[in-house]
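Chemist: Chains as they are written, first to last, in the working numbering: chain A, 251 to 458; chain B, 251 to 458.
One or more hints might be untrue.
The list that follows gives simulated cross-link-like pairs (lysine to aspartate or glutamate, DMTMM-like), each with its CA atoms no further than 25 Å apart [what the hints assert, rightly or not]:
(1) A:Lys361 with B:Asp339
(2) A:Lys265 with B:Asp339
(3) B:Lys271 with A:Asp368
(4) A:Lys352 with B:Glu308
(5) B:Lys369 with B:Asp273
(6) A:Lys299 with B:Asp281
(7) A:Lys271 with A:Asp323
(8) B:Lys271 with A:Asp281
(9) B:Lys331 with A:Asp281
(10) B:Lys369 with A:Asp368
(11) B:Lys331 with A:Asp368
Source of the hints: derived by calculation from the structure; they are not laboratory data.
Number of protein chains: 2
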Amino acid sequence: MNFLEEKILQEGSIKPGNVLKIDSFLNHQIDIDIMRQMANEIKRRFRGKEVNKILTIEASGIAIATVLAEMYDVPVVFAKKSETANSTDDKYVAQAYSFTHKQMNQVFVSKPYLRDDDKVLIVDDFLADGQAMHALIDLVHQAGGAVVGIAVAVEKGQQNGGKILRSEGYHLESMAIVESMDWETQTIRFREQPKEVCESYNLKLINE
Amino acid sequence: MNFLEEKILQEGSIKPGNVLKIDSFLNHQIDIDIMRQMANEIKRRFRGKEVNKILTIEASGIAIATVLAEMYDVPVVFAKKSETANSTDDKYVAQAYSFTHKQMNQVFVSKPYLRDDDKVLIVDDFLADGQAMHALIDLVHQAGGAVVGIAVAVEKGQQNGGKILRSEGYHLESMAIVESMDWETQTIRFREQPKEVCESYNLKLINE
C-alpha cells in the first residue's frame, strides 16, 4: 500500500453512487505533505521526460499542479469551466460532460497559454470516465502541443477513462487506482501497481 | 516598485470596466516564481503571527494559498462557490455578490475544516469591494475561529474593500494596491506602501 492509498483508507469515505469522498486532504482541505509526496512520486514516474508546462482544470487540480510545477520549475495553466465577464480573448474550447454536476461543461484555455512547442504534463485529482481529461488533451492538440503524460491522484478503475487513455497510447500514471468500492460495507479495493493484483480493505475496521 | 507591481506593468492589461487582466501569471497561467515571491513577502509581513490554517476561495486563490501553506507547513482550505452533488455534509455558509459573474454566490466550507481553535490567514488573488473576503471572514467566525490576517495579491484601491476591512481592524496586507487605472491611456497608478504616495506608469511605454 502506498502513501495515498493509506491516506484514503484513513480519511476517505464511500458515499452512495460510487462517490469516494476525500475532502479532508484533496478536494476541500489540502494536506500539503500529501501534495508533496504526490508531486515527488509523479516526477519519479515521469523521470527522463521533458516537461515545460503543467496543465490542470479548476479547481481541485490546482493545488497538486502548483506543487508539481514548483518541482519542475515550469508554469501551471488551469483550464476554466465557464465564461466570465472579463474573458473576451481568443481561446481553445473543448466539451466535457460532468457526472458530478450532471451537465455539459465548456472547458477552455486562452490561446496565449498553450503553444505548438509545449510539452505538457496534464494533472488532475480524479480520473473516472475520462471526459475532462479528453477535453484537456483536445486543448493541447488544438494548440499543436504535445501531451508528455497524464498524472492523476485517484483513478476509478471500475470506470473506463484509464483503460481508454492507455489504449490510446498515453502515458498515464495514477497514484492510486480504486478497483472497486462498496458503500454498504465501506470496503475499498485497490489495484496493485504495476502487478494488477487487488487487495481489499475495510474502512470501518481500519478507523476503529 | 516591488516585484508584483513590475510584473503587472510588464504583463497586465487594462480592460474596459475597470478590469485589470493578469491572466499570464495569476488568473489562468500561474508563474511559480511570482507565487514564491508573494508567499515570501506575505510571510514576512505577518512575521511573528501564529497561523495554523490558510483559507482561500476557489479557483484563482488556490495556487498562492498552496505555496504559502508549504512555507507555513499548514493545511489549505478552499471555500467552494456552489453546491455539488456529492456535497451533503454540514457546512458553514455565507453570501457574496460576484461583480465578475454578476450574481449572488453561496460560499461554503464543510464544518470539519474550520474549527474554534483555528488561527486563520485568509488569502486571495484580488480584493475589490470585499464581498468575497467578508464571506470568508464570516465562515471563520461561524466556526468560532480567529482571523489572524488577510493577504491579497492585488487590492483595487479605488474600491472600498480594503478601506472597510482596515477600519474593521483586520490586519490586511496587499502585495500591490492599484490606486487608479485608465483603459484609454493604459495607465495604472499604484499606492506606494506604506507611505501612501502614488506613482503613475504607462503600460504602453513600458512594453514598447
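Chemist: Tell me, which hint numbers fail for this structure?
Modeler: 1, 5, 7, 8, 10, 11
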